[in-house]
Amino acid sequence: MSRVLVGVKRVIDYAVKIRVKPDHSGVVTDGVKHSMNPFCEIAVEEAVKLKEKKFIKEVVAVSCGPTQVTETIRTALAMGCDRGIHVEVSGKDYEAMGPLQIAKIFAALAKKEEASLVILGKQAIDDDCNQTGQMTAALLDWPQGTFASEVTIDGEKVKVVREIDGGLETIKISMPAVLTADLRLNTPRYATLPNIMKAKKKKIANMKPADLGVDMVSRVEVLRVDEPPTRLAGVKVETVDDLVAKLKANGTI
Amino acid sequence: MLIHTMFPASRYSIQAQRCIRALKTVKADHAPPQLYTWRWKCSSAVTPRITSHYTICPRDKDPRWEGVEMERFADEADVVIVGGGPAGLSAAIRLKQLANEQEKDLRVCLVEKASQIGAHTLSGACLEPSALNELFSDWKERGAPLNTPVTEDVFSLLTKKYRIPVPMLPGLPMNNHGNYIVRLGHFVRWLGEQAEELGVEIYPGYAAAEVLFHEDGSVKGIATNDVGIAKDGSPKDVFERGMELHAKVTLFGEGCHGHLAKQLYRQFNLRENCEPQTYAIGLKEVWLIDEKKWRPGRVEHSVGWPLNRNTYGGSFLYHLNEGEPLVALGFVVGLDYTNPYLSPFREFQRWKHHPFIAKTLEGGNRIAYGARALNEGGYQCLPKVTFPGGMLIGCSPGFMNVPKIKGTHTAMKSGMLAAEAIFPKVTAKDLASETAGLHVPEYEDNLKKSWIWKELYSVRNIRPSFHNYFGLYGGMVYTGVFYWILRGKEPWTLKHAGLDSAQLRPAKECTAIEYPKPDGKLSFDLLSSVALSGTNHEGDQPPHLTLKDDSVPVANNLAIYDGPEQRFCPAGVYEYVPLETGEGMRLQINAQNCVHCKTCDIKDPSQNINWVVPEGSGGPAYNGM
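As they're listed, the protein sequences go chains A and B. Heads up: the first sequence is residues 0 to 252, going by numbering that gives the first Met the number 0. Heads up: the second sequence is residues 0 to 624, going by numbering that gives the first Met the number 0.
Please note that the accuracy of each hint is not assured.
[What the hints assert, rightly or not] If we take Cβ atoms under 8 Å as the criterion, some of the chain A residues that face chain B in the derived model are:
hint	residue
1	V10
2	V19
3	D22
4	H23
5	G25
6	G30
7	K32
8	S34
9	P37
10	R188
11	T191
12	L192
13	I195
[Unchecked claim] Sample of chain B residues facing chain A (criterion: CB under 7 Å; computed from the structure):
hint	residue
14	A118
15	N364
16	I366
[As the list claims (entries may be wrong)] In silico BS3-like links for lysine-lysine, alpha-carbon gap of 25 Å or less:
hint	chain 1	residue 1	chain 2	residue 2
17	B	K261	B	K383
18	A	K20	B	K292
19	A	K197	B	K235
20	B	K235	A	K52
21	A	K235	A	K53
22	A	K50	B	K235
23	A	K200	B	K103
24	B	K235	A	K48
25	A	K199	B	K103
26	A	K16	B	K516
27	A	K16	B	K520
28	A	K20	B	K291
29	B	K292	B	K261
30	B	K403	B	K453
31	B	K516	A	K235
32	B	K403	A	K20
33	A	K50	A	K245
To be clear, the hints were calculated from the coordinates, so they are not data collected in a lab. A virtual CB, placed ideally from N, CA and C, is assigned to each residue, including glycine.
Chain A on its own, in the form it takes in the complex (with noise of 0.2 Å):
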């Protein structure tokens, strides 16, 4: 085993308050404070810590985006990746990239790379698709252990602790395999200064999708971006019988 991809995405920090355009066609980005997508981060962690362990060699951090990916993968490379790789997407490629145009991308990387695991972040907070890790497993026909809250390599296989609807599932698949970080497997370390300036003599590869052979055309449209409706007050009703005139009233009953 000797390779692990990683994937970090750049998206608007938690904390800021989001804005719809005024044309409704997405949410303004421009100059907003970005960062890395927290389960992103929790994947990078994850990657280094098994490399610490000696259970892989070298883990590659590969974001998809235009120029201002580059911090986000910096970012990575200060918390122990050892290189980079920046797929450029501008533009509207961008605004239309979505799970399906990413998992090709990772899936193609992966061949080429020939990594033994792909370790990405269960959802991005932006769209909370969770479905990229899922598409790239299929598209590799490799298995996926996805919603990790923890990971343990055995041999050739990996032991996944999933986090599941009814408790914890645990399962082992055989590696090359696709694993997607939930919130408990890790706590991610700080990029601290002294890393990021090492990590700037980290080597960054360019491509484009393709150079991967990979075709960025969505099938999805965006026909229009609104705010959730501003939420009611609630109505407080005193006995049983309100509450059934109340639901009629309203045509719920």
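We have chain A; now place chain B onto it with these hints.
Just chain B now, kept in the frame of chain A:
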């Protein structure tokens, strides 16, 4: 009773004695998480522990820190700059311009506590392009975001319902002909891009937490903040020490009331020949208004309502011209106000209801909020700005021209002058210096010969002229007579009122102010405003609003001044809440809300609050404020 023999000096109320007895019977592992300390000076109440930061609770005697690796990684640069604002960036740019011109190598490192350059920048702002023209004569071609030249300038004296127009005669300090309305955060971001292109190493997200000293007492550099300390002050698994950046000269451009500058003033006695700095708090919002009401390039200022004539302050409202119908508006209140019931935030909110302002905002949407303290002292409050190993630039020493309501151009110029003074010394082949850290007194000489000094000298008497019985009206008369006619050539220099924190009168001598409830359309509540600032901090870290003595807030601030920090903090950090264990109140510090405005450090009547820098990249997420 047993307790009186064990602690004879204190007098405990019945409730406190019951409390102490209850705590003694509780097993250690079931004890409540708060640590209770008894203060001899304090009253009969039990004070819950609030402060756990290492600047107040040292780690060398703390058993939880035994065996933790405290060694720091160190790196050397030629010049280190603290603060990525207009002053810091201008200094960095000027240094690199000189280095490139003269083909010399110079390593310039800049650290900034915000996660990205511009995220902690907040200002009106009307930029006078004088310093920018000197820094980049081709700023237009480089794409500097000065998109809104000022087209009209309106000044009003407001009463509760009406508006008295005040003529904007040419020659008055606040006349804006030739200036640009800018979103300073975007301008600072652009400066950051120019600096990076020139080769400055910029590290956003890393706060300078400590000043380092050589053995001879000169400044050696700074150390960035430690990370991974839990709320109770103990080390977490992810604990990492900060890094040391050593330099021949360190420039401190932390902005108004910097926390490292506060330390340097004491260390090098820089304030012995000047008056204590006096401040104001500025609160700002950005609104998307109805297109029909939008008049790009229009500058509006007002004084008067809702402040009384003895409280210094006023408002601004600028119409931006950047595509969308945006206005930047805000309210400034001098922090030498005397009534502890005054809430600058609520004054701001109720000012928006004045018919002259409301008519612009009706039908609009608020999209941003923030606040920051600013300097009002001017010439009389300028400290010594150089010391062995470093110097102070920008709003930190405080070059703001108060009646002009502008400080960006002077901050930039001070950074440039610092760079020009340092450059020959730092690149000299034989560095003959008395101290290990370079002392560059030429910077202060250059300042005194520059237009900054002339400007600040000519307006030095305007702000202090408000300290008379007629307050605002006296000040306006003085400005009209002495500034407009004599341009500040009068031979006397008026004094300010003294420390802002000493100006508050006890609550019982003052009347509470009845503020109207926010209507949710023009005026808003505090918490929804704080949410708009995008501020956040890692929750599990010691509160960075440290108290020198945890018992003072209840004993002094609450008892005498009715807790003014609940009102002057624009982010709702301070709250007095009832004690869980019975009677009495305690101070709750919601450090995560902090927007780094520094008002509490300035206005606390007990001067007990010491703002220190939290983990880097925490704080507001302003976008073009």
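Hint-by-hint comparison with the structure:
For V10(A), the interface hint is violated, since its Cβ never comes within 8 Å of a Cβ in chain B; the closest pair sits about 13 Å apart. Taking 8 Å as the C-beta cut-off, the interface hint given for V19(A) is violated, the closest approach to chain B being about 11 Å. The closest approach between the C-beta of D22(A) and any C-beta of chain B is roughly 11 Å, which is over the 8 Å cut-off, so the hint fails. Here the hint on H23(A) is broken, as its CB sits about 14 Å from the closest CB of chain B, past 8 Å.
For the restraint placing G25(A) at the interface with chain B, the shortest Cβ-Cβ distance is roughly 15 Å, beyond the 8 Å limit, so the hint is violated. With its C-beta approaching chain B no nearer than about 4 Å, G30(A) sits inside the 8 Å limit, and its interface hint holds. For the restraint placing K32(A) at the interface with chain B, the shortest Cβ-Cβ distance is roughly 4 Å, inside the 8 Å limit, so the hint holds. The interface hint given for S34(A) holds, since its Cβ lies 7 Å from the closest Cβ of chain B, which is under the 8 Å cut-off.
With 8 Å as the threshold, the beta carbon of P37(A) stays out of range of chain B, its nearest partner Cβ sitting at about 12 Å, so the hint is violated. Because the beta carbon of R188(A) sits about 5 Å from the nearest beta carbon in chain B, less than 8 Å, this interface hint is met. The closest approach between the C-beta of T191(A) and any C-beta of chain B is roughly 5 Å, which is under the 8 Å cut-off, so the hint is satisfied. The beta carbon of L192(A) comes within 4 Å of a beta carbon in chain B, closer than 8 Å, and the hint placing it at the interface holds.
The interface hint given for I195(A) holds, since its Cβ lies 7 Å from the closest Cβ of chain B, which is under the 8 Å cut-off. The criterion of a C-beta within 7 Å of any C-beta in chain A is met by A118(B), whose closest approach is roughly 6 Å, and the hint holds. The closest approach between the C-beta of N364(B) and any C-beta of chain A is roughly 9 Å, which is over the 7 Å cut-off, so the hint fails. With its C-beta approaching chain A no nearer than about 6 Å, I366(B) sits inside the 7 Å limit, and its interface hint holds.
Among the hinted pairs, K261(B) with K383(B) is consistent with the structure: their alpha-carbon atoms are about 13 Å apart, no more than 25 Å. As the CA atoms of K20(A) and K292(B) are separated by approximately 20 Å, the hinted pair is consistent with the 25 Å bound. Taking the CA atoms of K197(A) and K235(B), the gap is near 24 Å; set against the 25 Å cutoff, the hint holds. The straight-line distance between the Cα atoms of K235(B) and K52(A) is roughly 21 Å, inside the 25 Å bound, and the hint therefore holds.
Simply put, K235(A) and K53(A) have alpha-carbon atoms about 60 Å apart, too far for the 25 Å limit, and the pair is violated. A threshold of 25 Å between alpha carbons decides the hint, and for K50(A) with K235(B) the separation of about 22 Å falls inside it, so the pair holds. Restraint check for K200(A) and K103(B): the C-alpha separation of about 23 Å stays at or below 25 Å, so the hint holds. Annotation: proposed proximity of K235(B) to K48(A) holds, straight-line Cα distance about 17 Å (limit 25 Å).
Of the pairs offered as hints, the one joining K199(A) and K103(B) holds, with about 23 Å between alpha carbons and a cut-off of 25 Å not exceeded. With a CA separation close to 24 Å, the supplied pair K16(A) and K516(B) stays within the 25 Å bound. Between the alpha carbons of K16(A) and K520(B) the distance comes to roughly 18 Å, so the proposed pair stays at or under 25 Å and holds. About 19 Å separates the Cα atoms of K20(A) and K291(B), which keeps this hinted pair within 25 Å; it holds.
For the given pair, K292(B) sits about 44 Å from K261(B) by alpha-carbon distance, which is inconsistent with the 25 Å threshold. Of the supplied pair hints, the one linking K403(B) and K453(B) holds, its CA atoms being roughly 14 Å apart against a limit of 25 Å. At roughly 24 Å between alpha-carbon atoms, K516(B) and K235(A) fall within 25 Å of each other, so this suggested pair holds. Annotation: proposed proximity of K403(B) to K20(A) is violated, straight-line Cα distance about 35 Å (limit 25 Å).
Of the pairs offered as hints, the one joining K50(A) and K245(A) is violated, with about 61 Å between alpha carbons and a cut-off of 25 Å exceeded.
Going down the numbered hints, you'll see the structure goes against 1, 2, 3, 4, 5, 9, 15, 21, 29, 32 and 33, while the others check out.
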